Amino acid sequence: MTAKTVSKRGSRRRWSVRDREDFWTGLFCLTPAVTISLIFVVLPIIYSFYLSFHQWSILIADKPFVGLDNYRRLLKSTEFWNAMRNTAVYTVAVVTVGSALSLFIAVLLNRKLRFQAFYRTAYFMPVVTSTVAVAVVWTWIYNPHYGMMNYLLRLVKLPTNNWLVDPDWALPAVIIMSIWKNIGYHMVVFLAALQQIPQAYYEAASLDGAGRLDSFRYITWPLVKPTTSFVLVMNTIFSFRVFGPVYVMTGGGPMRRTTVIVYHIYQRAFEMREMGYASAMSWVLFAIILAMTLLQRRLTSKGETA
Amino acid sequence: MTIRRNTQRLSLSKLGSLAESLVLQILLFGGSLIMLIPFVWMVSSALKQESQVFIYPPQWIPDPIVWDNLQVAWNSFPMGRYYLNSMFIASAIVVGQLLTGILAAYVFARLRFPGKNIIFMGFVATMMIPRQVTMIPSFLILRNLHWIDKYQGIIVPALSHPFGIFLLRQFFLSIPTDLEDAACIDGCSRLGVLFRIILPLSKGVVSTLTVFVFMSSWNAFLWPLIVLNTQEKFTIQIGLAMLRDEMGTNWAILMAATFLATLPVILLYLVAQKQIVRGITLTGLKY
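Protein chains in written order, with our numbering: chain A, 1 to 306; chain B, 1 to 287.
No wet-lab data here; the hints were simulated from the structure. Remember, it's a predicted structure, so these values are computed and weren't measured experimentally. The beta carbon of each residue, even a glycine, is placed where N, CA and C say it ideally should be. A portion of the hints provided could be inaccurate.
Derived list of chain B stretches under chain A, where covered just means 3 residues or more per stretch with a C-beta under 8 Å from a C-beta of chain A [to be verified]:
1. 22-33
2. 54-64
3. 75-89
4. 116-129
5. 215-229
Within a straight-line C-alpha distance of at most 20 Å, the following computed DMTMM-like cross-link-like pairs (lysine to aspartate or glutamate) qualify [unchecked claim]:
6. B:116 / A:21
7. B:116 / A:22
8. A:225 / A:214
9. B:14 / A:208
10. B:116 / A:19
11. B:150 / B:232
12. B:14 / A:203
Using the sequences and the hints given, assemble the complete structure.
Here it is, written out as structure tokens:
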């Protein structure tokens, strides 16, 4: 405000001096961040687009241009579609169940409560623990004979299974672990949103005879909707990039039933050295993530104006 | 009469709310048990004799408690070395990201710079590009720089991240400019304003970012896995993953190693819980 009035009244010369200082300072301040981003984000994205039209095993200098061959090949590849399907199953399960549980726990925690600090700490603990560490521990938990999972299942008389070595249960096992690991993160996001809702709304509703479920449906749910969209987008993007648990727990098996897309790209690029083909798959992954982000954003902004 | 009926109703509703909070406590307690059991299981397995690990039903409290396992795990792979590597890499990234982030965010929040909004939008847009998508060309760029299997291969690409710039800019914008205007009249330079006035007011957000960046660098896996080849350069996460392949079924030692690998971050979390929650809240809501 003051700056504007001064700029109108003050002499032009003084301002151009300040402008110049701003320019040089700005240039100095922006250069490091911009340089790093250009070399390690912008350049790679262009480079990978270029690579995706070439065939290149990194060991040979020659990279022949192959047009759309890499893309054609991946569309026909059963391994690619298998990886996509596994990723989709993983994502849908983690996003729906995980986000719902996060919201549920956040709603429970959003009141004055004894042991609240303890609960928050407990639910958030897996988030800060590294994926590798968590995956190693859960591999042991899923041990068919001596693991805790089957032990607890037997205690409550539920059927047990072989988890990570069973082709049908390996992916669900990874999903359960991921939900457990990420609940706390989105719980915190939801809690922050819930705390913005004025308590008076709930008091007014309960005076009008609204029950807990009514208040949730007519007050909480509409007011946390933007946050819900945000959580869904973030959760989807994170889930599509899953790699660590698969690498540590299953190595993509058994029978490629836990091979997710990033793991597949990793294998193609760094084990089989097919840089061109793997780049094409990266671009498909990028397109999917981008499309989902834009779609969710559009849905969110519509929800806000309506 | 009416008074009596009122008190009766009051005690009834009190009873109801008591029952409700009991149900709440049971639900939340059960949930937190599920969250914590894997950690308890890790510690319990870490302190068992190898033979005791394979007892069914499993024992929660090891008998005897084998503290030696921690020592064995520490020595069985060069854990001290991994610790140092991870510490060095994470610290370098923290310092670099704070520096580049503070400078860039200051431009976006305060300076008149041609096209700064477009540049800022560019940064925000790069947040949508996951590292996993660019890992192949990034690897090839590092290869041309001869940075494969070198620490700078992990550190330099991470020296700037849009998350930090975004977080800091949001915070700088929330600081009133009155103080700076006063300083400008006194002839303070633009960078002087940043370091003498804005930064001292931003201790909270800077510590939040520090904790965040440190944790994510310490826990990073995919990129160090691609860049590093020789064992003495491994970070703790790579070392642990390799140990899991080598040790196979020696779960006691594996759990002891995992426990040691997670300890620093869990301690940091217990100390800096507030910063972490605030970081998520700030970016989560203002995205």
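Here is what the structure says about each hint:
For the stretch 22-33 of chain B, the stated coverage by chain A is satisfied: 7 residues place a CB nearer than 8 Å to a CB of that chain, which reaches the threshold of 3. Coverage of the stretch 54-64 of chain B by chain A holds. Counting CB-CB distances below 8 Å, 5 residues qualify, and the rule asks for three or more. Only when three residues or more bring their CB closer than 8 Å to a CB of chain A does the claim for the stretch 75-89 of chain B stand; here the count is 0, and the claim is violated. For the stretch 116-129 of chain B, the stated coverage by chain A is satisfied: 7 residues place a CB nearer than 8 Å to a CB of that chain, which reaches the threshold of 3.
Evaluation of the coverage hint for the stretch 215-229 of chain B: fulfilled, as 7 residues show C-beta separations to chain A shorter than 8 Å, against a requirement of three. Restraint check for residue 116 of chain B and residue 21 of chain A: satisfied, since their Cα atoms lie roughly 15 Å apart, inside the 20 Å limit. At roughly 12 Å between alpha-carbon atoms, residue 116 of chain B and residue 22 of chain A fall within 20 Å of each other, so this suggested pair holds. Of the pairs offered as hints, the one joining residue 225 of chain A and residue 214 of chain A holds, with about 16 Å between alpha carbons and a cut-off of 20 Å not exceeded.
Between the alpha carbons of residue 14 of chain B and residue 208 of chain A the distance comes to roughly 19 Å, so the proposed pair stays at or under 20 Å and holds. For the given pair, residue 116 of chain B sits about 14 Å from residue 19 of chain A by alpha-carbon distance, which is consistent with the 20 Å threshold. The hinted pair formed by residue 150 of chain B and residue 232 of chain B meets the criterion: a straight-line CA distance of about 11 Å does not exceed 20 Å. Taking the CA atoms of residue 14 of chain B and residue 203 of chain A, the gap is about 16 Å. The hint holds against a cut of 20 Å.
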